[in-house]
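**Q** Line order of the protein sequences matches chains A and B. For this note's numbering, count along the first sequence from 1 and bump the result up by 5. For this note's numbering, count along the second sequence from 1 and bump the result up by 39.
Source of the hints: derived by calculation from the structure; they are not laboratory data. Values in this document were obtained by computation on a predicted structure and should not be read as measured data. Cβ atoms here follow ideal geometry from the backbone N, Cα and C, with glycine treated the same way. Take these hints with a grain of salt, some might be off.
When the alpha-carbon atoms are kept at most 20 Å apart in a straight line, the in silico SDA-like pairs for lysine to any residue are as follows [said to hold, decoys possible]:
| no. | chain 1 | residue 1 | chain 2 | residue 2 |
| --- | --- | --- | --- | --- |
| 1 | B | 324 | B | 297 |
| 2 | B | 311 | B | 348 |
| 3 | B | 311 | B | 290 |
| 4 | B | 601 | B | 549 |
| 5 | B | 601 | B | 564 |
| 6 | B | 572 | B | 195 |
| 7 | B | 601 | B | 568 |
| 8 | B | 572 | B | 193 |
| 9 | B | 572 | B | 584 |
| 10 | B | 62 | A | 249 |
| 11 | B | 62 | A | 245 |
| 12 | B | 324 | B | 303 |
| 13 | B | 62 | A | 241 |
| 14 | B | 62 | A | 231 |
| 15 | B | 572 | B | 561 |
| 16 | B | 62 | A | 243 |
| 17 | B | 62 | A | 244 |
| 18 | B | 62 | A | 233 |
| 19 | B | 572 | B | 587 |
| 20 | B | 383 | B | 324 |
| 21 | B | 324 | B | 290 |
| 22 | B | 324 | B | 299 |
| 23 | B | 62 | A | 229 |
| 24 | B | 62 | A | 247 |
| 25 | B | 601 | B | 567 |
| 26 | B | 601 | B | 561 |
| 27 | B | 572 | B | 548 |
Chain A residues, not near chain B, derived (Cβ > 12 Å throughout) [what the hints assert, rightly or not]:
| no. | residue |
| --- | --- |
| 28 | 13 |
| 29 | 53 |
| 30 | 56 |
| 31 | 61 |
| 32 | 62 |
| 33 | 78 |
| 34 | 97 |
| 35 | 137 |
| 36 | 155 |
| 37 | 206 |
| 38 | 270 |
| 39 | 289 |
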Amino acid sequence: MSEPLLDQDFIARLERLELVSRKIVSGKLKGERRSRRRGSSTEFADFRPYVPGDDLRFLDWNILGRLDRLFLRVFLEEEDLWLDILVDASESMRWGDPDKFTYARRVAAALGYIGLVQQDRVRVSAFSSRLRPIFGPARGRRQAKRLLEQLESLDVERGEGTHLAPSFERFARTGGRTGIAVVVTDFFDREGVENALRPLVARAATTDVFVFHVLAPQELHPEVAGDLRLVDLEDGEAAEITVSRPLLDAYQRTLDRFRGTIQMRCRSAGMHYVSAPTNVPFDQLLLGYLRRRGLLR
Amino acid sequence: MTPIWWLLAFIPALVLLYFLKLKREEVTISSTLLWRRSIEDLHVNAPFQRLRRSLLFWIQLLGLCLLIVAIWRPRCDSVAISGRDVILAIDVSASMKARANGATRFELARDEALALIDRVGRSDRLMLLAYAQEVETVQTLTADRALLLEALSRLSPRDLPTDFPAVVETLSQIARGLDSPDLWIIGDASHGGIEDISGEAERFQYRYVPVGESVANVGIVQADVRRTYGHEVRSELFARIASTFDEATQWTVRLLWEDRIADAREVSLDPKGREGVVFDVSSLKAGRVTLEIEAEDGFPLDDRVVLFIEDPQPIRVLIVGEENPWLDDVLRSSTEVRSARVAKESFPPAELEREILEANPPVVVFDRWLPETIPPAPAIFIGCRPNDGTASVDYAERDWPAIVDWDRLHPVLRDLAFESVRIRRGEVATGAGVGFHCLVDAADGCLVSAQTRPRPGGGTVAAIVLGFDILESNWPLGHFSFPLFFDNAISWLGQAETQRRSRWATGETLVASPRDIARSGVVVEFRDPAGDKRSAVVDSSGRALFGRLERAGIHELLVDGKVVDRFAANLLDASESNLEPRLLKASAEDGDAAGESGAPAGPVVAETSIRASRDLWPWFALAALALVLIEWYVYHRRTYI
Chain A
6 MSEPLLDQDF IARLERLELV SRKIVSGKLK GERRSRRRGS STEFADFRPY
56 VPGDDLRFLD WNILGRLDRL FLRVFLEEED LWLDILVDAS ESMRWGDPDK
106 FTYARRVAAA LGYIGLVQQD RVRVSAFSSR LRPIFGPARG RRQAKRLLEQ
156 LESLDVERGE GTHLAPSFER FARTGGRTGI AVVVTDFFDR EGVENALRPL
206 VARAATTDVF VFHVLAPQEL HPEVAGDLRL VDLEDGEAAE ITVSRPLLDA
256 YQRTLDRFRG TIQMRCRSAG MHYVSAPTNV PFDQLLLGYL RRRGLLR
Chain B
40 MTPIWWLLAF IPALVLLYFL KLKREEVTIS STLLWRRSIE DLHVNAPFQR
90 LRRSLLFWIQ LLGLCLLIVA IWRPRCDSVA ISGRDVILAI DVSASMKARA
140 NGATRFELAR DEALALIDRV GRSDRLMLLA YAQEVETVQT LTADRALLLE
190 ALSRLSPRDL PTDFPAVVET LSQIARGLDS PDLWIIGDAS HGGIEDISGE
240 AERFQYRYVP VGESVANVGI VQADVRRTYG HEVRSELFAR IASTFDEATQ
290 WTVRLLWEDR IADAREVSLD PKGREGVVFD VSSLKAGRVT LEIEAEDGFP
340 LDDRVVLFIE DPQPIRVLIV GEENPWLDDV LRSSTEVRSA RVAKESFPPA
390 ELEREILEAN PPVVVFDRWL PETIPPAPAI FIGCRPNDGT ASVDYAERDW
440 PAIVDWDRLH PVLRDLAFES VRIRRGEVAT GAGVGFHCLV DAADGCLVSA
490 QTRPRPGGGT VAAIVLGFDI LESNWPLGHF SFPLFFDNAI SWLGQAETQR
540 RSRWATGETL VASPRDIARS GVVVEFRDPA GDKRSAVVDS SGRALFGRLE
590 RAGIHELLVD GKVVDRFAAN LLDASESNLE PRLLKASAED GDAAGESGAP
640 AGPVVAETSI RASRDLWPWF ALAALALVLI EWYVYHRRTY I
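If we strip away everything but chain B, and leave its shape as in the complex, we get:
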């Protein structure tokens, strides 16, 4: 609080005094002669009467002195600022919204920052930064306090997690560009990561001013809606709830569909424990689901998660190549797959390009035939292989390749067995690196592999490559693994490509692919939960990029002013939900270790807050106010003529 506000606070006090002014009862008497003399007698005989006579004067004099001292603004500089340039970085991560004792951590940090700005010498310059995942310059180096105060007033906490190692790295780089600056960080220390700082930044020193106290919190740290494809298609909402309470706790978790309660669970958590909870949302129609914990802690941001679910859509499969009744039968038998065969001469069909552009392509099965240009869609290659894989793969033909092993943990091969499968002829692949994963091993190579292919405009698309013709094997004959393999493979490819993300975490870059975005001249915008609109950046592949999600809540995608899609952003960060000051603890431990090795590391923690160690004038102002009260009391209680 600035001095002027303190002085304004005196006005109500004086008004109060006026209303409290002593109302004496008026009594008419024959003569005040004797009373006057009595009062004089009382004054004359009272001890220290000389002092008492001028007591009001002394009180007023003392009060005036105190006010003068208060205006002079005495300081108690237990922590001195010596640098000419001062860098002040303020934590604006989500945990700064935690509230305790009526104030948020950010409010405390802002008070500390105000105190620091006040303390910096008039000729010194100060740079104001804000950090969460990244460091953001709020105000460049300046000696203009008004600018700094204005910049500080603009600052507000975000819904972002903290990436402290990246922050320290950036700060150290900024500091290197200046001449030995004083670097102060004000934050809640409720994040780890100091142990991950390495390189030059590890030797980087700064003063860390911790604000806020440890707050016990319970929150949803993970949540997602996933569709499980198997014998029965189900949609399930998975959530993980974490507690930092020191005792075992029990919470009610409610599931709401469009603000109506759909389900509720009791979740018991061990001290500082985590627990998962699963809701079956198969019966819910497409819409907004909210998961919330009935907790009244100081950090409501993580007590609620919003997600979007969609109606289950069958996975479309496009088969192109030679006749294959086995394959056709298998794909037709699945209710969750809608397959269609396309003649080689009419491939690719006209709509495929559009579907790829809209990020909604079907799974294409190339059965022993490849077009000249393979479209960037998820695909299964049977007896043929893509030539545009991201990994370097070599192929070699083999007769009677023997299956020796398979990846039982991969979703495509879950619960499958290949012991009795015999293949007359096939190609074994030997590949390495990112983009190549062997699913089924032959004796000297990979018979079935999962590969990635590049997608125009960035990213990759998945593919499963079978190095043999299934008609030249006994696989379709009496092997349960045959239909299950294709069911799994199509689910895996289709799920990866076609299932829309149900949730986004704050700090991520929101990418959307609306249908009509490819048209030229459309206006694509995003509207964040606060209602602020921002033009989207549309890349060459037709994707709209929103940028970093800084606010939790529902973001809307607008095309020509019309809402075409909605996205839910949530904190979902276990580290940010843990409101205990872990950073300094880790720092102290590191400091001990560093002390042994003699290497400087970690922050220098300010022992007291800047605020507490600096300003004394409020106390003088309060003392002056107290003296005014005493003076009022003495003036009105005294007996006078």
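So that you can see chain A by itself, here it is in the shape it has in the complex:
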């Protein structure tokens, strides 16, 4: 049996957290948070002129009596929140020390758990060359165990490369709901990041999109030397190199450019870019960094 993604102590600490969306979200069930959509909850929000067809129960009779005009009282409606978690399950994620896939699943598990506990609708999907749902949508604490089991049993998809664009497009098409979307990936897609992010950019108008860029420390600072034949884990492509200082410098420049491009694209589309090196302790990322960034409170 695989190792548990979250231990009990950490789960206990997650109990006190809740996900925060800066977007107004709507749901079919009243959740534990207020949406920006004015509705029929008990918390007053505003008045608005009456129009035929409005529910007369919300008519403010005091104003009618005083001003002889019809106004309706508008209340903030409490809604459930959609939390979509997309985990990169391409082979490139099963690499690094600590490996990126475990790290990504722990992020998904933790955020999913928080969402389920807070009665949000949680949906988890895995993707490599295509998007495939692995959990939900579901909500409620009772679903947490199943979520963790699903994530623990999740493995990378062998023999398939990373194709972000079709996966994200499918997510954008099938979702259609507002809330929070969390994407955990290393972005190693030969077809480029620009195209891949485009569907998420469209989705970001209604959804808080958090992009977790997971990289192993060996990718951030390669410790290689000599004459090497580098073989790609996903497609077996080889690159023969002779490690030299200029080449390492070039790699560092390429990596910075790679990360900078993703970050800039995310920012311009109102998405949140979260750099997640796997050597940064997981609890530090979740409890410290994400709280500061406003995803959790």
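Given chain A, put chain B in place with the hints provided.
**A** Then chain B, alone, in the frame of chain A:
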């Protein structure tokens, strides 16, 4: 080396490259995406990246160009050949076997000859000659390179000395028969003789290509075994050792009898000096003796000499004529002489003719009596004279001829005195020319003489003629010179005739007289040191002629396939053992002198070797090989996707 061999030399280089192919460590990573981009970034930002991108192409292109140029075989013709007919003479004398820096002089000369053959135009003809003592035609004039190369490959150095004046004389005669040929001589110039060239040959011009460098050498330049007859018969081996070292040297000279060490001497030599050494070989039995110097120089041929010694044999003397007790007593008293008297009526004895035929005749003493036909044997004539001498001699009778002088240096008269010898009657001779040597002079003629007589079939035989009857003198009475004279005379005559030559020098014509050769139908052959057999030429006198000895070592004489005699041939040539290039030095000196007189003489020395001045293609081929190496390096060291 021909081009094909050069190209074949590339194969091991390529195989080596294959085995040296870079083995990269294989590392699996999450994605090569970033590395690919890094490499592209590196290439894009590298200086001259356009050039670098196609560096391999340029290297390959340049390598191909170099190979094409190499196949084109560029030449650097600093010395041009202009003649239509080219005569090329290669030195094959013994000194061409001298080795320095891993190659013999002959190998260097052959390379030069190959270069010259390559340089000659396709329509021109070339004649290939070899020379040492004589000039030998290896290949007549031909434009067929294959024939020339084949003839050149057959050529090998001999163990012969060089007779350069004779060679130049012959070459000049050959050249006269052609229309202004180019004449090239390739040799080591380690021989003199240019000053001895005279006549037409002195004006004869040729290009001399010297090969090899000066090599310091020590060698045995003379050696012989001689028996000394005197109070004690001894056999001694005389040898002379010469050095061309610039410093004083000391060498160990060993004497071996049948490969066992018999004696050894230390010999000290002055710079470029010579020294004699004598070994007493009297105690050695008949057999092969080897004299060798423990020297590791570049010319081993003269470090070893092989000789044959024989057991001492008493000299047989046949006395014929009147009774002579004095003479009989003297000859009987000598242990080294075995004398016998023959009656006049039974002379010549039957065995004498056979002994003469076998070149082993006794010394015949004609005492006041002569047969009708005097046999061709060494002889002493007492009171009578031969009538078949090679010199013209006149005789005149004298009473009381007074002895006035004698040749004290002649071996027969060594340590003798004739002051008190008185002769009542005698004949004095007056002769001249080759074949007559006066030993004892009277007042108006020669009283005792050494003469030569013709030998049937060629050659001469020695004789001593006493122009008086010893019984008509006081010589036998109390004069020590009387027994000593006959002892010396018999030794001298017997030694000259009966002692077999212990050594032969290469270049000489080997002549042998085996016992059974006179029989008809026998097969007489010589086998040289290399094992090659050659039929002997048997002349009318029954001597077997081998011809010129070209190889040092032991030659065997075979009669009907059975070895009957052995002969040792050695270089023994001081000039050939001197490996310094003296010829060109002498030529330069002569050239200076000639310059003053304005007469052309001597060789035109090629300033550089034919080989060095001609072929450039090996350098292009090497450059192409270097480029292949660079291309390999660049290809495997580069970073690519």
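**Q** Hint by hint, note whether the structure agrees.
**A** Hint-by-hint comparison with the structure:
Between residue 324 of chain B and residue 297 of chain B the CA atoms are separated by roughly 10 Å; this keeps the pair inside 20 Å, and the hint holds. Proposed proximity of residue 311 of chain B and residue 348 of chain B is contradicted: the alpha carbons are some 31 Å apart, above 20 Å. With a C-alpha separation of about 14 Å, the suggested pairing of residue 311 of chain B with residue 290 of chain B holds against the 20 Å cut-off. Under the criterion of a C-alpha separation no larger than 20 Å, the hint pairing residue 601 of chain B with residue 549 of chain B is consistent with the structure, at around 18 Å.
As the CA atoms of residue 601 of chain B and residue 564 of chain B are separated by approximately 9 Å, the hinted pair is consistent with the 20 Å bound. Straight-line distance between C-alpha atoms of residue 572 of chain B and residue 195 of chain B comes to about 18 Å, which keeps the hinted pair within the 20 Å bound. A threshold of 20 Å between alpha carbons decides the hint, and for residue 601 of chain B with residue 568 of chain B the separation of about 16 Å falls inside it, so the pair holds. The suggested pairing of residue 572 of chain B with residue 193 of chain B holds, with an alpha-carbon distance near 19 Å, which does not exceed 20 Å.
Restraint check for residue 572 of chain B and residue 584 of chain B: the C-alpha separation of about 13 Å stays at or below 20 Å, so the hint holds. With a C-alpha separation of about 17 Å, the suggested pair residue 62 of chain B and residue 249 of chain A falls inside the 20 Å cut-off, and the hint holds. Between the alpha carbons of residue 62 of chain B and residue 245 of chain A the distance comes to roughly 11 Å, so the proposed pair stays at or under 20 Å and holds. Of the pairs offered as hints, the one joining residue 324 of chain B and residue 303 of chain B holds, with about 18 Å between alpha carbons and a cut-off of 20 Å not exceeded.
For a cut-off of 20 Å, the pair hint linking residue 62 of chain B to residue 241 of chain A stands: about 18 Å separates their Cα positions. At most 20 Å may separate the alpha-carbon atoms for a hinted pair to count; residue 62 of chain B and residue 231 of chain A meet this at roughly 11 Å. With a C-alpha separation of about 15 Å, the suggested pairing of residue 572 of chain B with residue 561 of chain B holds against the 20 Å cut-off. Of the supplied pair hints, the one linking residue 62 of chain B and residue 243 of chain A holds, its CA atoms being roughly 14 Å apart against a limit of 20 Å.
Annotation: proposed proximity of residue 62 of chain B to residue 244 of chain A holds, straight-line Cα distance about 14 Å (limit 20 Å). The hinted pair formed by residue 62 of chain B and residue 233 of chain A meets the criterion: a straight-line CA distance of about 9 Å does not exceed 20 Å. Restraint check for residue 572 of chain B and residue 587 of chain B: the C-alpha separation of about 14 Å stays at or below 20 Å, so the hint holds. With a C-alpha separation of about 39 Å, the suggested pairing of residue 383 of chain B with residue 324 of chain B is violated against the 20 Å cut-off.
A threshold of 20 Å between alpha carbons decides the hint, and for residue 324 of chain B with residue 290 of chain B the separation of about 27 Å lies outside it, so the pair is violated. Proposed proximity of residue 324 of chain B and residue 299 of chain B is supported: the alpha carbons are some 13 Å apart, at most 20 Å. Only pairs whose Cα atoms come within 20 Å are accepted, and residue 62 of chain B paired with residue 229 of chain A is accepted, the gap being roughly 16 Å. At most 20 Å may separate the alpha-carbon atoms for a hinted pair to count; residue 62 of chain B and residue 247 of chain A meet this at roughly 11 Å.
Between the alpha carbons of residue 601 of chain B and residue 567 of chain B the distance comes to roughly 14 Å, so the proposed pair stays at or under 20 Å and holds. With a C-alpha separation of about 11 Å, the suggested pairing of residue 601 of chain B with residue 561 of chain B holds against the 20 Å cut-off. Pair hint residue 572 of chain B plus residue 548 of chain B holds up; C-alpha atoms about 16 Å apart against a cutoff of 20 Å. Residue-level check passed: residue 13 of chain A sits 32 Å from the nearest beta carbon of chain B, beyond 12 Å.
With a closest Cβ-Cβ approach of about 54 Å to chain B, residue 53 of chain A is found to remain outside the 12 Å limit, as its non-interface label requires. With a least beta-carbon separation of about 57 Å from chain B, residue 56 of chain A lies farther than 12 Å from that chain, consistent with its non-interface assignment. With a closest Cβ-Cβ approach of about 63 Å to chain B, residue 61 of chain A is found to remain outside the 12 Å limit, as its non-interface label requires. Distance check for residue 62 of chain A against chain B: the nearest CB is about 60 Å away, which clears 12 Å, and the non-interface claim stands.
The beta carbon of residue 78 of chain A is kept farther than 12 Å from every beta carbon of chain B, the shortest such distance being approximately 57 Å. Listed as outside the interface, residue 97 of chain A is inconsistent with that label: its C-beta sits roughly 4 Å from the nearest C-beta of chain B, within the 12 Å cut-off. Chain B leaves residue 137 of chain A outside its interface by the beta-carbon criterion, the shortest separation being 21 Å against a cut-off of 12 Å. At the 12 Å boundary, the C-beta of residue 155 of chain A stays outside the reach of chain B, the nearest C-beta of that chain being 24 Å off.
Interface exclusion of residue 206 of chain A from chain B stands, the closest Cβ pair being 22 Å apart, more than 12 Å. Every CB of chain B lies more than 12 Å from the CB of residue 270 of chain A, the least distance being 17 Å, so the non-interface label holds. With a minimum CB-CB distance of about 23 Å to chain B, residue 289 of chain A clears the 12 Å threshold, and the non-interface call stands.
Of the numbered hints listed earlier, those contradicted by the structure are 2, 20, 21 and 34.
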